[in-house]
Amino acid sequence: DGGITQSPKYLFRKEGQNVTLSCEQNLNHDAMYWYRQDPGQGLRLIYYSQIVNDFQKGDIAEGYSVSREKKESFPLTVTSAQKNPTAFYLCASSGDRSVQGYTFGSGTRLTVV
Amino acid sequence: QKEVEQDPGPLSVPEGAIVSLNCTYSNSAFQYFMWYRQYSRKGPELLMYTYSSGNKEDGRFTAQVDKSSKYISLFIRDSQPSDSATYLCAMSAHSGAGSYQLTFGKGTKLSVIP
Numbered sequence: 001d002g003g004i005t006q007s008p009k010y011l012f013r014k015e016g017q018n019v020t021l022s023c024e025q026n027l028n029h030d031a032m033y034w035y036r037q038d039p040g041q042g043l044r045l046i047y048y049s050q051i052v053n054d055f056q057k058g059d060i061a062e063g064y065s066v067s068r069e070k071k072e073s074f075p076l077t078v079t080s081a082q083k084n085p086t087a088f089y090l091c092a093s094s095g096d097r098s099v100q101g102y103t104f105g106s107g108t109r110l111t112v113v
Numbered sequence: 001q002k003e004v005e006q007d008p009g010p011l012s013v014p015e016g017a018i019v020s021l022n023c024t025y026s027n028s029a030f031q032y033f034m035w036y037r038q039y040s041r042k043g044p045e046l047l048m049y050t051y052s053s054g055n056k057e058d059g060r061f062t063a064q065v066d067k068s069s070k071y072i073s074l075f076i077r078d079s080q081p082s083d084s085a086t087y088l089c090a091m092s093a094h095s096g097a098g099s100y101q102l103t104f105g106k107g108t109k110l111s112v113i114p
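So the protein lines, in turn, are chains A and B.
Counted the way our numbering counts, the first sequence spans residues 1 to 113.
Counted the way our numbering counts, the second sequence spans residues 1 to 114.
It is worth saying that the hints were derived from the structure and are not from the lab.
Take these hints with a grain of salt, some might be off.
Said to hold, decoys possible - With a cut-off of at most 25 Å between alpha-carbon atoms, the simulated BS3-like pairs for lysine-lysine come out as follows:
#1 B:Lys42 <-> A:Lys9
#2 B:Lys109 <-> B:Lys2
#3 B:Lys2 <-> B:Lys70
#4 A:Lys57 <-> A:Lys71
#5 A:Lys14 <-> A:Lys71
#6 A:Lys9 <-> B:Lys2
#7 B:Lys42 <-> B:Lys109
#8 B:Lys56 <-> B:Lys109
#9 B:Lys109 <-> B:Lys70
#10 B:Lys67 <-> B:Lys2
#11 A:Lys71 <-> B:Lys2
#12 A:Lys57 <-> B:Lys109
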């Protein structure tokens with residue numbers, strides 16, 4: 001079955017560490033997105049990518065970095081510059097028809113310890 | 001004014017009740033409207049989408065769009081405990097190929113009590 005796989009499901013980060021969240025899709029979608037979800041704040045866009053080797057900052061890109069070397073993969077690195085990284089991170093992708101909306105992964109819960 | 005407003009709830013209803021979830025928006029360019037359901041600690045899943053004003057029905061779910069009032073609704077009939085989740089509205093102005101941005105509401109948390 002086609003879908004988006006995020007790993008790990010839970011991730012713990014020590015202060016000052018960089019961590020990388022994985023996102024892989026087999027839907028043949030061109031566009032991919034990273035969102036952060038905090039209680040009461042809804043979904044906030046971190047980065048998005050329309051095609052391989054191209055990505056754009058979203059609303060809250062500071063302290064995060066991404067790469068898009070393959071169509072299927074869009075990893076997110078949470079750097080030590082991100083001061084409040086504890087959150088639920090969601091990866092999504094979209095195809096070439098707007099009415100299909102986004103397909104989301106199951107998320108990664110990142111906690112700073 | 002935020003682009004999309006959605007009452008966060010929480011909303012608690014007895015099993016079998018009719019549920020009404022709503023969003024208002026300010027951007028008249030929005031033309032694609034979606035509802036996502038998100039269970040706790042899971043990713044959102046697309047529940048319904050619609051393009052034009054009017055109603056779209058799928059089983060116990062009805063999506064309603066009123067572009068003149070910039071108002072969308074999701075109705076759930078005969079609500080079940082399994083409907084307990086957070087419901088997010090989303091909308092887009094894009095109509096072509098490639099990447100496009102969805103604008104999300106903050107979500108309404110629904111609990112259906114047995």
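We went through each hint and held it up to the structure:
| no. | hint | result |
| --- | --- | --- |
| 1 | B:Lys42 <-> A:Lys9 | holds, 10 Å |
| 2 | B:Lys109 <-> B:Lys2 | holds, 19 Å |
| 3 | B:Lys2 <-> B:Lys70 | holds, 13 Å |
| 4 | A:Lys57 <-> A:Lys71 | holds, 18 Å |
| 5 | A:Lys14 <-> A:Lys71 | violated, 31 Å |
| 6 | A:Lys9 <-> B:Lys2 | violated, 32 Å |
| 7 | B:Lys42 <-> B:Lys109 | holds, 14 Å |
| 8 | B:Lys56 <-> B:Lys109 | holds, 22 Å |
| 9 | B:Lys109 <-> B:Lys70 | holds, 22 Å |
| 10 | B:Lys67 <-> B:Lys2 | holds, 17 Å |
| 11 | A:Lys71 <-> B:Lys2 | violated, 33 Å |
| 12 | A:Lys57 <-> B:Lys109 | violated, 29 Å |
In this structure, the hints that do not hold are numbers 5, 6, 11 and 12, in rising order.
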